[in-house]
Amino acid sequence: MEPPKIAETLKGEFADDVIAVKEFRAQTGVTLKKDNILQIARRLHDAPEFKFDLLKDLCGVDYKKIKNPRFEVVYNLYSITHRHSLRLNVQVSDKESIQSVVSVWKTADWHERECFDMYGIVFDGHPDLRRILMPEDWDGYPMRKDYPTAGPEDDPGAEWGGFREVLKKAEDFKKFGWYK
Amino acid sequence: MDETKELKTKEMVLNMGPQHPSTHGVLRLRLEVSGETIVKCTPFVGYLHRGTEKLAEGMTYLQSIPLMDRLDYISSMTNDVGYCIAVERLFDIDPPLRAKYIRTMVSEMSRISSHLLWLATHALDIGAMTVFLYAFRERERLLELFEMLCGARLTVTYPRIGGVRNDVSQEFIDTLYQFTEEFPSKIEEYETLINVNRIWLKRTVGVGIISAEEAINYGLSGAALRGSGVDYDIRKHFPYDAYDLVRFEVPIGKNGDVYDRYLCRMEELRQSNSIVKQCIEALPTGPIMSSDSPKYTLPPKDKVLNNMESLIHHFTLITKGPMTAPQGEVYVATEVPKGELGFYIISDGTGKPYRMRIRSPSFIHVAALPRLCEGGFIADVVANIGSIDVVLGECDR
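Quick note, the sequences are listed as chains A and S, same order. If you count the first sequence from 1, position 116 lands on 116 in full-length UniProt numbering, and the numbers rise without skipping. If you count the second sequence from 1, position 52 lands on 52 in full-length UniProt numbering, and the numbers rise without skipping.
Please keep in mind that the hints were generated in silico from the structure rather than gathered at the bench. It is possible that some hints are incorrect.
Pairs of lysine to aspartate or glutamate, EDC-like flavour, derived with a Cα cap of 16 Å [stated by the list, open to error]:
| hint | chain 1 | residue 1 | chain 2 | residue 2 |
| --- | --- | --- | --- | --- |
| 1 | S | Lys236 | S | Glu249 |
| 2 | A | Lys145 | S | Glu57 |
| 3 | A | Lys67 | S | Asp348 |
| 4 | S | Lys54 | A | Asp146 |
| 5 | A | Lys106 | S | Glu213 |
| 6 | S | Lys254 | S | Glu213 |
| 7 | S | Lys254 | S | Asp231 |
| 8 | S | Lys295 | S | Glu309 |
| 9 | A | Lys106 | S | Glu214 |
| 10 | S | Lys254 | S | Glu267 |
| 11 | A | Lys22 | A | Asp35 |
| 12 | A | Lys22 | A | Glu2 |
| 13 | A | Lys64 | S | Glu57 |
| 14 | A | Lys145 | S | Asp348 |
| 15 | S | Lys40 | A | Glu96 |
| 16 | A | Lys64 | A | Asp94 |
| 17 | S | Lys277 | S | Asp174 |
| 18 | S | Lys277 | S | Glu182 |
| 19 | A | Lys22 | S | Asp348 |
| 20 | A | Lys33 | A | Asp94 |
| 21 | A | Lys145 | S | Glu53 |
| 22 | S | Lys10 | S | Glu32 |
| 23 | A | Lys33 | A | Asp16 |
| 24 | A | Lys67 | A | Asp46 |
| 25 | A | Lys34 | A | Asp94 |
| 26 | A | Lys65 | S | Glu11 |
| 27 | S | Lys254 | S | Glu214 |
| 28 | A | Lys51 | S | Glu213 |
| 29 | A | Lys33 | A | Glu13 |
| 30 | A | Lys5 | A | Glu49 |
| 31 | A | Lys64 | A | Asp146 |
| 32 | S | Lys40 | S | Glu11 |
| 33 | A | Lys106 | A | Asp46 |
| 34 | A | Lys51 | S | Glu214 |
| 35 | A | Lys64 | S | Asp348 |
When you get a sec, could you build the whole thing from the sequences and use the hints?
Now the structure itself:
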């Protein structure tokens, strides 16, 4: 089935959830509300005419000051059987959680953990939601747009908090040093 | 009854890595074992996390190419090509035919060199030392060819958006052709060493079996997926560059065990070799950089060195990026030696990507490792890590 037609069918079945259908460079993206994402994912995966068996990618996007709600969770789907693809952009606001799709695609497990690690988006029903790439005790969510690449924005010369802490710790440990 | 009760073993926790030589980098596995059997396996990643995605948000499209080298440092060429193709799709650039052929050729060279390294280390992990020496002999020749092509052996930064950096020399073509003539006999050499080796078969056949449906559900790609009998190769499903102009077969396994994945990769070596040969034979003449969209592609190097406007153009394009860019989002995947490498780029119309997401195959393959290892023996963990072919630089990004 052609991707625009799938988007059309999806719009017919979940009229309340579909916000917009976008088309760019022959790729179709469907913007959705987050409430029924698990049902929609289940339907896309199971229905013989869609059969999106492969979740290629799941990632978060931060649209701070550009869009409201702030976050988007993006699902890139592909059907190996029918050879068609579709993208779902699901809107999630700050301090809101979204349903996990691990029960549909097992590969979502680590993707959702990474999304939580980088953006702080909480996935309900995830079997083991904890940080994956960053250390367990890390403060903040690095991929958010308000998280600086180097130092706070108002003071570019200063180090970020984590590094300051390490420096302070090193200073504290100096009292155990035997050398002068 | 009482005797068997006494013989019961206690479950214990075994920590493997991050400095274990068989984990191919810095992968840490927490294994809960009952005797020799693995009850639970928990991978820990992130030791090599450099924040490539975050860094790319602050760089222009051209500046990001060297970052892509450092993802999968075993085959940096395919990463660069994948990235350039994704950006070309975003900007709607069509590179000239010669550039397409060259990129296909060097990608396949990279695939061969990556598979050789995989074969060498995988065999070494399982206990076949000799293959390591043989495979590195041929890999060295390919790395020397890369050096001849662009001056670097590993981090090549050779492709550019809209083409490639420089043209190939006749000497390069001749040496490469010589290599492709000799390489099939070398593959046979490796195969005589291990294909029917009794120890090899005992260690690989029936180990780490995963069914086709499960492999898809876990998101596996590349030879790890094709070993389970799924016909999914991006070079065939979404042909890019010159892959629709060359003939090649996609090897597919049956049982989905370590041995089938091994067989798939060995056959891929032959197919890649044949693609390189076809590319040399069909290499058309013409430009190597697209000239249709000067807004996004670099001017030719001889003009940059002799023409003021071209120099300014080159400078601003690298440091500031294009003045305007199309607004939109694309997901473009390419077939790298490890599997499917996808780039999801969101452009907000400025010279830098608003969001660049890298879908790395190794990340997903490590996630599937517990499924392959649990219920097996400790010794099979090493065979499984080798068979899914992971590079932690790409996994952690």
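Q. Among the hints numbered above, which are violated by the structure, and what are their numbers in rising order?
A. Per hint list: 11, 15, 24, 26 violated.
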